[in-house]
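Each chain, written out:
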Amino acid sequence: MPAGLDNLKHIVVLMMENRSFDHMLGGLSMVMENGQKKYPQINGLTGTESNPDTNGAIVNVQPNAKFQSQLDPDPDHHYPGVDRQIFGGAPPGSGRVPNMQGFVKDYFTQTNDVNRSHNVMSYFTPDKLPVLSTLATQFALFNGWFSSIPGPTICNRAFAHYGTSFGQVGMDLFYIKDPIPSIYERMVQAGHTAKIYYYDQQSSTMEIVNLLKNQPQIFGSFSQFIGDCRGGTLPEYSFVEPCYNDHPGPGGGEVLASDQHPDHNVQEGERFIAVIYNAIRTNPDLWKSTALLIVYDEHGGIYDHVVPPQVTPDGYFADPGNTGTGETFNFDRLGIRVPAILVSPYIPRGTVVPGTEAGANARIFEHACIPGTITNFFLKGDAKRTVRERNSSSFLDLLTDQMRPDSDVPFFHLGG
Amino acid sequence: MATPTNAIFVPCCEKGAYNHNRPAGKLLQSQTLHLREALVQHSKELSAVLAIDPSSLKTEGEVSAYIHRATALLHTHGPRPTGK
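Sequence lines, in order, name chains A and B.
Under our numbering, the first residue of the first sequence is numbered 1, with each subsequent residue one higher.
Under our numbering, the first residue of the second sequence is numbered 1, with each subsequent residue one higher.
Just chain A, with the same shape it has in the complex (with noise of 0.2 Å):
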């Protein structure tokens, strides 16, 4: 066993909200040093990918990308608003093909304006986003991380937690229909320890399920993730919420949301990220055993290049009542793609898992791949779950022998 996992005693995994691959690290792709690629295995832009507007003009994608007050309203990221982002508005149906070509037309249906639909094609080039830029080229960044249904958060988060959405493809509540034990439960069951750490009270969880049950059990707040890392009491599995709204904060302050949600400002959720990475970072035991993973729960809406691949079902169903296109979907293929990274001290510099660029070489990843790798590594495999779980992809292999020195790796400077 390489010396990354004989150390690894903590996995933590921060979920943030609704922002595409192409959107936060495509122009990674458009880096150049020397008159060469300076990442040319990431599957970014290349600055020619397009979408059709509502008039038939072709709109590339822009590196205009703002960190806030550019995507209002939200852009459409329910089920049948995604199908049509994917299909190109193509109607459900036999023959149709997956051509990424529906973005701008769909966010006209919220826009009512040409010139503002455009704006799902923009994109951050990677001076604006110093942190998740950073991490991304200085750890692991996967090319093939998808979200695990074409539809919103809470179905997308039910997969992080439990390995499936139980035939769920929207928002509404999702009750439980078969005994599959949340990530939380097959761990604390086991004896092992595990926490959903929410932002705080105002904020709260977007895991009501587990909320009604285990409140004091598997719950924490953000203040006591940090007095955990510092402390050295951090659970073996942490699950980290950013704050998903704006609200006053203790004395009269202001507290931001960091989700990067939109309309929310993507600066906070980049402030949010490097705080969470210097809280490990600057724990040195903590730091050398533990793994983080960071990764959006869904698209948004905006724009991403890459086709989503099929997958293992997961045994449920959603029925054309619920999909709301006139046509069942079977949990057979993945959402859109996410920014998804592992940091470790073990994971070599600028390393890029490839998606399904490569072929028969690609590693696909979604969100079940969370329950899997924490039951695979923690509990040996030992817990019921379902096939899709069971076949999912362990991101553990990416820790290698060797430990970079605190000179190789980044430290994060925030400006007050």
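Hints may contain errors.
[To be verified] Using 27 Å as the maximum straight-line C-alpha spacing, the simulated DSS-like pairs for lysine-lysine come out as follows:
| id | chain 1 | residue 1 | chain 2 | residue 2 |
| --- | --- | --- | --- | --- |
| 1 | B | Lys15 | A | Lys66 |
| 2 | A | Lys37 | A | Lys128 |
| 3 | A | Lys128 | B | Lys15 |
| 4 | A | Lys177 | B | Lys58 |
| 5 | A | Lys9 | A | Lys380 |
| 6 | A | Lys177 | A | Lys384 |
| 7 | A | Lys288 | A | Lys9 |
| 8 | B | Lys44 | A | Lys66 |
| 9 | A | Lys380 | A | Lys288 |
| 10 | A | Lys128 | A | Lys66 |
| 11 | B | Lys58 | B | Lys44 |
| 12 | A | Lys105 | B | Lys26 |
| 13 | A | Lys38 | A | Lys128 |
| 14 | B | Lys15 | B | Lys26 |
| 15 | A | Lys384 | A | Lys9 |
| 16 | A | Lys66 | A | Lys9 |
| 17 | A | Lys380 | A | Lys177 |
| 18 | A | Lys177 | B | Lys44 |
Derived by calculation from the structure, the hints in this document are not laboratory data.
Model the placement of chain B on the given structure of chain A, informed by the hints.
Below, chain B without anything else, positioned relative to chain A:
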């Protein structure tokens, strides 16, 4: 520990980024519905425990079951510190 050469500066948000008057989106509205459902479930359990007459509890097993349910209801105000 980190040296100045590998320190990455992270800027602060622009002034005016904070807006608690921003209309709540579908995700936040959905979250409130989920929390309401959690409260309904909580109130059912509270009602069930309040319906028990403590004077009807005769054995240590019955009393401990009552205490367990009551304590679980009362001790849910905020998360507890992590302990390994």
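Results of checking the hints against the structure:
1. Lys15/B <-> Lys66/A: holds, 15 Å
2. Lys37/A <-> Lys128/A: Status holds; Cα separation ~19 Å.
3. Lys128/A <-> Lys15/B: holds, 17 Å
4. Lys177/A <-> Lys58/B: violated, 37 Å
5. Lys9/A <-> Lys380/A: Measuring from Cα to Cα gives roughly 14 Å; hence the hint holds.
6. Lys177/A <-> Lys384/A: Holds, at roughly 13 Å.
7. Lys288/A <-> Lys9/A: holds, 9 Å
8. Lys44/B <-> Lys66/A: violated, 46 Å
9. Lys380/A <-> Lys288/A: Cα-Cα ~22 Å, so holds.
10. Lys128/A <-> Lys66/A: holds, 9 Å
11. Lys58/B <-> Lys44/B: Given pair Lys58/B, Lys44/B holds - Cα atoms ~24 Å apart, limit 27 Å.
12. Lys105/A <-> Lys26/B: holds, 21 Å
13. Lys38/A <-> Lys128/A: holds, 17 Å
14. Lys15/B <-> Lys26/B: holds, 26 Å
15. Lys384/A <-> Lys9/A: Given that 27 Å is the threshold and the Cα spacing comes to 23 Å, the pair holds.
16. Lys66/A <-> Lys9/A: Violated - the C-alpha atoms of Lys9/A and Lys66/A are around 38 Å apart, more than 27 Å.
17. Lys380/A <-> Lys177/A: Since the Cα atoms of Lys380/A and Lys177/A sit roughly 25 Å apart, the hinted pair holds (cutoff 27 Å).
18. Lys177/A <-> Lys44/B: holds, 21 Å
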